[in-house]
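Undergrad: Got chain X; can you put chain F on it based on the hints?
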Amino acid sequence: MAEETKCSCGSANVAIFPCAGASNVGQLSNKIAVELEKQNFGNLMCTVGIGARAPGLMKSAEASDRIIAIDGCPVNCASKTLELAGFKADRHIIISELGIKKNKDKELKDNEISEALEKTLDILQSE
Amino acid sequence: MKIEILGTGCSKCKKTKETIERVLKQSGVEAEVIKVEDIEKIMNYGVMVTPAVVIDGDVKLAGKVPDEKDIRKWIGQ
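First to last, the sequence lines map onto chains X and F.
If you count by the working numbering, then the first sequence holds residues 1 to 127, one letter each, in order.
If you count by the working numbering, then the second sequence holds residues 1 to 77, one letter each, in order.
These aren't lab readings, by the way, just hints derived from the structure by calculation.
A quick note: this is a predicted structure, and the numbers were derived from the prediction, not measured.
Be aware that a few hints might be false.
Okay, derived cross-link-like pairs now, DSS-like style, lysine-lysine, Cα gap no bigger than 25 Å in a straight line [as the list claims (entries may be wrong)]: (1) K14/F x K35/F; (2) K88/X x K60/F; (3) K38/X x K12/F; (4) K38/X x K64/F; (5) K41/F x K17/F; (6) K101/X x K119/X; (7) K73/F x K35/F; (8) K41/F x K38/X; (9) K14/F x K41/F; (10) K119/X x K80/X; (11) K88/X x K64/F; (12) K12/F x K69/F; (13) K102/X x K31/X; (14) K101/X x K80/X; (15) K35/F x K64/F.
A few chain F residues that face chain X, going by a derived Cβ cut-off under 10 Å, partial list only [said to hold, decoys possible]: (16) K2; (17) L6; (18) G7; (19) T8; (20) G28; (21) V29; (22) E32; (23) M43; (24) Y45; (25) T50; (26) V54.
Computed Cβ-Cβ distance ranges for the label pairs, DEER-style [said to hold, decoys possible]: (27) I34/F x V48/X: 51 to 57 Å; (28) D70/F x E115/X: 42 to 48 Å; (29) L84/X x I39/F: 26 to 32 Å; (30) E118/X x I39/F: 31 to 37 Å; (31) K80/X x S11/F: 47 to 53 Å; (32) G76/F x A52/X: 25 to 31 Å.
By construction, the Cβ of each residue, glycine as well, lies at the ideal position given by its N, Cα and C atoms.
Just chain X, same shape as in the assembly (with noise of 0.2 Å):
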């Protein structure tokens, strides 16, 4: 529980919202968030602290260098969320446009969690 709120000190600020919604692409949006906080790409952020304009989230997404929307579908719940509290995702990931059909289950598969992150860190690092 040490890294939950990350120093802005060193490195660039990069906040990554994941929709997290109720479909295994929305559940696998914020498991490829985890991870990719886990692998120092950024800090994984509340998104619905941004829908709820909750003052500490809303600061902590305008000290952000660079934001990551990582959405399961293209209803683009993140990305629009982020929009309607003006701000603008740099990069934006849609889980089912990785060759991930969208279902209503809820239990992540190993194989979908490792094809999901392989396919978005191939587009993160293609910039």
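TA: This is chain F only, laid out in the frame that chain X set:
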């Protein structure tokens, strides 16, 4: 006025405290300045990057050192 500086002791957190204390001294405004290092208290403000500044419970800034102009505005100067 209660000014909380949220951070776990990094250089930006120290600079934030120094800057706020300097502005308070220059402006003659009295305030209780508290350094908050408890991660649970920091997270309960919804702050994801430090340093952050909270004045009377209101998060004013996160993720960077405030400039003096901002601090003066926050303290009503």
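Undergrad: What's the verdict on K88/X and K60/F, does the C-alpha distance respect the 25 Å limit or exceed it?
TA: Answer holds: K88/X to K60/F is near 21 Å, not above 25 Å.
Undergrad: Does the alpha-carbon distance linking K102/X and K31/X stay inside the 25 Å limit?
TA: Measuring from Cα to Cα gives roughly 15 Å; hence the hint holds.
Undergrad: A closest beta-carbon separation below 10 Å is what the hint needs, so does T50/F meet it against chain X?
TA: Because about 5 Å separates T50/F from the closest Cβ in chain X, which is inside the 10 Å limit, the hint holds.
Undergrad: Below or equal to 25 Å on CA atoms is what counts here, so check K41/F against K17/F.
TA: holds (18 Å)
Undergrad: Given the hint that K38/X pairs with K64/F, does the C-alpha gap stay at or below 25 Å?
TA: Cα-Cα ~23 Å, so holds.
Undergrad: Can the hint on G28/F be confirmed by a CB-to-CB distance to chain X that is less than 10 Å?
TA: violated (27 Å)
Undergrad: Take the shortest C-beta to C-beta distance between T8/F and chain X; is it under 10 Å?
TA: holds (6 Å)
Undergrad: Does K64/F lie within 25 Å of K88/X when you go C-alpha to C-alpha?
TA: Answer holds: K88/X to K64/F is near 20 Å, not above 25 Å.
Undergrad: Check whether the Cα positions of K35/F and K64/F lie no farther apart than 25 Å.
TA: holds (15 Å)
Undergrad: Is the gap between the beta carbons of I34/F and V48/X within 51 to 57 Å?
TA: Roughly 29 Å apart at Cβ, these two residues miss the hinted range, so it is violated.
Undergrad: Hold the hint about V29/F up to the distance rule: shortest CB distance to chain X must be less than 10 Å.
TA: With Cβ-Cβ at 22 Å, over 10 Å, it is violated.
Undergrad: Does L6/F pass the interface hint, meaning its C-beta sits closer than 10 Å to a C-beta of chain X?
TA: Holds - the Cβ of L6/F comes within 10 Å of chain X, reaching about 8 Å at its closest.
When held up to the earlier numbered hints, the structure conflicts with 16, 20, 21, 22, 27, 31 and fits the remainder.
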